[in-house]
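Visitor: Take a look at the letters that make up each chain.
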Amino acid sequence: MEMGVKDLIIVGAGPAGLTASIYASRYKIEHQVIGLLPGGAMTEAYKICNFPSEVSISGWELAQKIENNARQLGGEIVAGEVLKISGHYPNFQVDLADGHKLASKTILLASGAKRRHLGLPNEDKFLGKGLAYCATCDGPFFKDKIVGVVGGGNCAATAVIFLSTIAAQVLWFYLGSEPNAVEPGWLEEINKQGNIKLMARSEIKALLGDNHLSGVTIKRENKTENINLEGLFVEIGSDPNSSLLKQLGGTVNEGGYIVVDGGQATTIPGIWAAGDVTTSSNGLRQIITACSEGAIAADSIFKFLQRQV
Amino acid sequence: MAQIVELTPANFATEVLNSKIPVLVDFWAPWCGPCQMMAPILENLAQELGDKIKIAKVNVDDPDNQPLAVEYQIQSIPNMKLFKNGEEIASFIGVRQQASLRQDILDKLS
Ligand SMILES: Cc1cc2nc3c(=O)[nH]c(=O)nc-3n(C[C@H](O)[C@H](O)[C@H](O)COP(=O)(O)OP(=O)(O)OC[C@H]3O[C@@H](n4cnc5c(N)ncnc54)[C@H](O)[C@@H]3O)c2cc1C
Numbered sequence: 001m002e003m004g005v006k007d008l009i010i011v012g013a014g015p016a017g018l019t020a021s022i023y024a025s026r027y028k029i030e031h032q033v034i035g036l037l038p039g040g041a042m043t044e045a046y047k048i049c050n051f052p053s054e055v056s057i058s059g060w061e062l063a064q065k066i067e068n069n070a071r072q073l074g075g076e077i078v079a080g081e082v083l084k085i086s087g088h089y090p091n092f093q094v095d096l097a098d099g100h101k102l103a104s105k106t107i108l109l110a111s112g113a114k115r116r117h118l119g120l121p122n123e124d125k126f127l128g129k130g131l132a133y134c135a136t137c138d139g140p141f142f143k144d145k146i147v148g149v150v151g152g153g154n155c156a157a158t159a160v161i162f163l164s165t166i167a168a169q170v171l172w173f174y175l176g177s178e179p180n181a182v183e184p185g186w187l188e189e190i191n192k193q194g195n196i197k198l199m200a201r202s203e204i205k206a207l208l209g210d211n212h213l214s215g216v217t218i219k220r221e222n223k224t225e226n227i228n229l230e231g232l233f234v235e236i237g238s239d240p241n242s243s244l245l246k247q248l249g250g251t252v253n254e255g256g257y258i259v260v261d262g263g264q265a266t267t268i269p270g271i272w273a274a275g276d277v278t279t280s281s282n283g284l285r286q287i288i289t290a291c292s293e294g295a296i297a298a299d300s301i302f303k304f305l306q307r308q309v
Numbered sequence: 001m002a003q004i005v006e007l008t009p010a011n012f013a014t015e016v017l018n019s020k021i022p023v024l025v026d027f028w029a030p031w032c033g034p035c036q037m038m039a040p041i042l043e044n045l046a047q048e049l050g051d052k053i054k055i056a057k058v059n060v061d062d063p064d065n066q067p068l069a070v071e072y073q074i075q076s077i078p079n080m081k082l083f084k085n086g087e088e089i090a091s092f093i094g095v096r097q098q099a100s101l102r103q104d105i106l107d108k109l110s
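Line order of the protein sequences matches chains C and P. Take 1 as the starting number for the first sequence in our numbering and just add one per residue. Take 1 as the starting number for the second sequence in our numbering and just add one per residue.
Since the hints were derived computationally from the structure, they do not count as laboratory data. All values derive from a computational prediction rather than experimental measurement. Just to be clear, a hint being listed does not mean it is correct.
Stated by the list, open to error - Cβ-to-Cβ under 8 angstroms is the rule here; a few derived chain P residues that face chain C:
1) W31
2) C32
3) G33
4) P34
5) M37
6) I74
7) S76
8) I77
9) N79
10) L82
11) V95
12) A99
13) Q103
Just so it is clear, CB atoms sit at the ideal spot from N, CA and C, and this is done for glycine as well.
Starting from the given sequences, assemble the full structure and let the hints guide the process.
Guide: In structure tokens, the structure reads:
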């Protein structure tokens with residue numbers, strides 16, 4: 001099916017893509033958002049306390065609010081996956097996984113990042129059998145059990161706090177001697193809980209168990225030891241979804257993040273990028289920065305399209 | 001129009017195990033964002049696959065449904081299990097796109 005040429009196609013319906021849609025609607029830019037998961041990564045967040053006007057809100061709820069805002073202003077948000085972008089300004093072709101092909105003058109990549117896996121050989125086997133990547137989704141199944149969380153960042157910290165309200169004990173495994181990538185606010189909450197055990201300088205070497213995860217082998221200060229647990233939550237960061245730009249020869253940095261200028265333009269004319277997938281905002285990858293970058297990108301695209309007519 | 005069937009321990013056998021057509025059972029909970037995302041996808045799939053397959057769901061947050069969550073060892077949601085002739089033949093964990101889930105279901109049933 002071939003549709004009319006849009007002014008803008010936004011790839012990704014997380015906070016960056018949805019905010020860009022809000023601005024695009026206000027600027028009357030004819031656009032469509034194509035996203036795998038409406039709401040993006042924050043839909044998995046247990047609690048968000050750093051988004052202005054929301055003292056404490058679940059990620060799912062905040063995602064819904066932003067999505068509603070975008071829809072109310074007329075944003076067309078479609079569930080789908082973009083497989084390939086080809087062509088150039090003003091004739092980009094966007095190929096979707098369901099076979100549809102769309103045409104657009106400009107593109108905004110707001111495709112975020114995907115969660116890292118541990119990379120252990122039997123990881124897939126234990127998915128849903130003790131191993132989990134979403135603490136808010138799967139935590140409640142581990143009531144009164146001993147669980148572990150792997151990772152030293154804010155996502156790991158919030159998973160630890162959430163799980164400590166459900167599980168008997170939470171073992172928190174991280175590589176450094178301190179969880180120093182974590183906001184002090186979260187650490188304060190962690191210190192208040194009596195059932196969290198900090199496992200510093202611990203690397204997960206193996207997943208143990210027959211049909212169900214029953215423990216992990218960790219390496220700690222050059223010693224390996226086996227630790228019994230029934231659930232393990234993986235929160236070890238993410239990698240940018242920048243392959244669509246790489247296929248076109250656009251510039252990414254050594255971590256794969258899309259290099260953009262102050263107006264969120266990529267090195268490919270007619271393509272902008274915003275949110276967790278970029279090098280912007282000093283590397284602070286949060287909802288507010290994703291929204292901000294989405295707004296700046298939409299503004300740049302508006303000015304660009306105006307100049308072209 | 002195919003409707004999504006709400007399952008409980010009381011109707012599980014009739015609706016799933018003794019069903020004449022294959023059944024996709026979605027184990028979900030209101031607290032799970034990705035499960036909420038699956039809801040419209042499953043509704044579309046129910047329309048699309050029509051009489052070929054029945055789509056049903058179990059809310060594992062409902063205390064009455066605990067026996068089903070325990071019996072099917074649900075520890076990660078969304079978890080969609082495919083039953084044919086009363087037997088579980090496949091399990092799909094995590095959010096899935098409509099087209100790829102449909103393909104995987106049809107592949108398993110062929
Ligand atoms: C558990 C957790 C807790 C967090 N807590 C907080 C917090 O408290 N405060 C805070 O500010 N931030 C928090 N974050 C970070 C925040 O969620 C991200 O910074 C933000 O979501 C980035 O927005 P984005 O729009 O750039 O990308 P994303 O939210 O990742 O959205 C990108 C979307 O694009 C989709 N996509 C990718 N490729 C394609 C494709 N080819 N076709 C179609 N769609 C595609 C993805 O599926 C995704 O839905 C948390 C994240 C997690 C995981």
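Visitor: The structure should be examined with respect to each hint, and the outcome stated for every one.
Guide: Right, here's what the structure says about each hint:
Checking W31(P) against chain C: minimum C-beta separation of about 7 angstroms stays under 8 angstroms; hint holds. A least Cβ separation of about 4 angstroms between C32(P) and chain C falls short of the 8 angstroms threshold, and the interface hint therefore holds. Hint status for G33(P): holds, given a least beta-carbon distance of 3 angstroms to chain C, under 8 angstroms. The beta carbon of P34(P) comes within 6 angstroms of a beta carbon in chain C, closer than 8 angstroms, and the hint placing it at the interface holds.
Using the Cβ-Cβ criterion of 8 angstroms, the hint placing M37(P) at the interface with chain C is satisfied: the shortest such distance is roughly 6 angstroms. Because the smallest distance between the Cβ of I74(P) and any Cβ of chain C comes to about 7 angstroms, under 8 angstroms, the interface hint for this residue holds. For S76(P), the shortest C-beta to C-beta distance to chain C is roughly 4 angstroms, which falls under 8 angstroms, so the interface hint holds. Hint status for I77(P): holds, given a least beta-carbon distance of 6 angstroms to chain C, under 8 angstroms.
With 8 angstroms as the threshold, the beta carbon of N79(P) comes within range of chain C, its nearest partner Cβ sitting at about 6 angstroms, so the hint holds. Taking 8 angstroms as the C-beta cut-off, the interface hint given for L82(P) is violated, the closest approach to chain C being about 14 angstroms. For V95(P), the shortest C-beta to C-beta distance to chain C is roughly 6 angstroms, which falls under 8 angstroms, so the interface hint holds. At its closest, the beta carbon of A99(P) sits 5 angstroms from a beta carbon of chain C; the interface hint therefore holds under the 8 angstroms criterion.
Because the smallest distance between the Cβ of Q103(P) and any Cβ of chain C comes to about 10 angstroms, over 8 angstroms, the interface hint for this residue is violated.
Violation of the numbered hints given earlier is confined to hints 10 and 13; the remaining hints are satisfied by the structure.
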